[in-house]
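The primary structure of each chain is shown beneath.
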Amino acid sequence: MVPESHYVALSAVLFCMGVVGVLVRRNPLVIFMSIELMLNAANLALVAFGQRHGTSEGQVLVFFVLCVAAAEVAVGLAIIVAIFRLRRRLSVDELTLMRW
Amino acid sequence: MALTAFWILAALAVGSATGLLLRRNPIHSALFLVAHLASVAGLFLLLRAEFLAAVQVIVYAGAIAVLFVFAIMVLIPGKEETGPDPLRSQRLLAAGATGVLLVLVGLLLRSAVLASPGPGVPVPGGAQAVGRLLFTDYLFPFEVTSVLLLAAMVGVLALTRRDAP
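Top line first, the protein sequences correspond to chains F and P. Counted the way our numbering counts, the first sequence spans residues 142 to 241. Counted the way our numbering counts, the second sequence spans residues 15 to 179.
It should be emphasised that the hints constitute simulated quantities derived from the structure, not laboratory data. Do not take every clue at face value.
Stated by the list, open to error - Estimated spans, in silico, between C-beta atoms of each pair:
| hint | chain 1 | residue 1 | chain 2 | residue 2 | range |
| --- | --- | --- | --- | --- | --- |
| 1 | F | Arg240 | P | Gly29 | 33 to 39 Å |
| 2 | F | Asp234 | P | Val158 | 33 to 39 Å |
| 3 | F | Thr237 | P | Val114 | 26 to 32 Å |
| 4 | P | Leu122 | F | Thr237 | 34 to 40 Å |
| 5 | P | Gly113 | F | Leu227 | 34 to 40 Å |
| 6 | P | Val117 | F | Arg228 | 46 to 52 Å |
| 7 | P | Leu123 | F | Val209 | 22 to 28 Å |
What the hints assert, rightly or not - Derived list of chain F stretches under chain P, where covered just means 3 residues or more per stretch with a C-beta under 8 Å from a C-beta of chain P:
| hint | region |
| --- | --- |
| 8 | 161-171 |
| 9 | 175-188 |
| 10 | 207-214 |
| 11 | 223-235 |
Ideal Cβ placement from N, Cα and C applies to all residues, glycine included.
With the rest of the complex left out, here is chain F (with noise of 0.2 Å):
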């Protein structure tokens, strides 16, 4: 049996990792991946966390991750669409409209 300290190590590595896509990339759609990424670390560290407390209901709240990222992802590309219909580029450095 592998402890759960190992499952919340890698959901915090990979949680960096796509800290770091979303900081680093530049185009939406991989930033849009790398939040793909945090929320798949965010879930591996709520199914250890539901195994270490002894209740299904960690893998409940994962399935309600999953609907909201489903939602989020939907939403997200049909903005960038939006935009690329807009702007005939993508690149996130470029819409700096609403900044003040």
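Starting from the known structure of chain F, arrange chain P on it as the hints suggest.
Using the frame of chain F, we list chain P on its own:
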């Protein structure tokens, strides 16, 4: 045995995440994302969460990855990240901030309750156990989720309409 499987899957997950971050072509990133999601599904299996492993493969590696690939094919971005980075200092800042985050999480893990041994009994993770919880204790959040998905669907249709306001 389980530990070996864990290390193999962990190496796969970290390696595919690295590939996702490093490849310039977003299609390659999407394929690495699929590999990453599959290895996390394997980790779920190792944690005895069979239902979640199946859902992970169906929803994430199936639906969401297809959505990503579809968006990439529609948008055909390719050469966005080839020019000079206008925010070069941001990268160093990102690396530093992430390092600090990792160290903090590591410190937290060392001092956390995880040090004490767990119950040692595997938690039931099949569709029966999760479904029983979903439809009894978590019935209201479950219904709210369906409203959320409906709202997302309507939002996507409104956002991508040709004559969008």
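* chain P over the region 207-214 of chain F, status - at least 3 residues with CB closer than 8 Å -> As far as the region 207-214 of chain F goes, the hint holds, because 8 residues have Cβ atoms under 8 Å from chain P.
* Kindly confirm whether 26 to 32 Å is satisfied by the beta carbon distance between Thr237 (chain F) and Val114 (chain P). => Because 27 Å falls inside the window, the suggested range holds.
* How does the Cβ-Cβ distance of Asp234 (chain F) and Val158 (chain P) compare with 33 to 39 Å: does it lie in that range? -> At roughly 36 Å between Cβ atoms, Val158 (chain P) and Asp234 (chain F) fall inside 33 to 39 Å, so the hint holds.
* Asked: Within 34 to 40 Å or not, the Cβ separation of Gly113 (chain P) and Leu227 (chain F)?
  -> holds (37 Å)
* When you take the CB atoms of Leu123 (chain P) and Val209 (chain F), is the distance between them in 22 to 28 Å? -> holds (26 Å)
* **Distance restraint evaluation - Arg240 (chain F), Gly29 (chain P), Cβ atoms, bounds 33 to 39 Å** => Given range 33 to 39 Å: holds, Cβ gap about 36 Å.
* Asked: Taking a Cβ-to-Cβ distance below 8 Å as contact, does the region 161-171 of chain F have at least three residues touching chain P?
  -> Since three or more residues must qualify, the claim that chain P covers the region 161-171 of chain F holds, with 9 doing so at under 8 Å.
* the region 223-235 of chain F covered by chain P? Criterion: 3 or more residues, Cβ-Cβ distance below 8 Å. -> Coverage by chain P holds for the region 223-235 of chain F (6 residues, Cβ < 8 Å).
* Per the hint of 34 to 40 Å, is the separation of the Cβ atoms of Leu122 (chain P) and Thr237 (chain F) within bounds? -> At 36 Å between Cβs, range holds.
* At a Cβ distance under 8 Å, does chain P reach at least three residues of the region 175-188 of chain F? -> As far as the region 175-188 of chain F goes, the hint holds, because 7 residues have Cβ atoms under 8 Å from chain P.
* So the hint says 46 to 52 Å: do the beta-carbon atoms of Val117 (chain P) and Arg228 (chain F) match that? -> About 39 Å separates the Cβ atoms of Val117 (chain P) and Arg228 (chain F), which means 46 to 52 Å is violated.
The structure fails hint 6 only (numbered hints given earlier).
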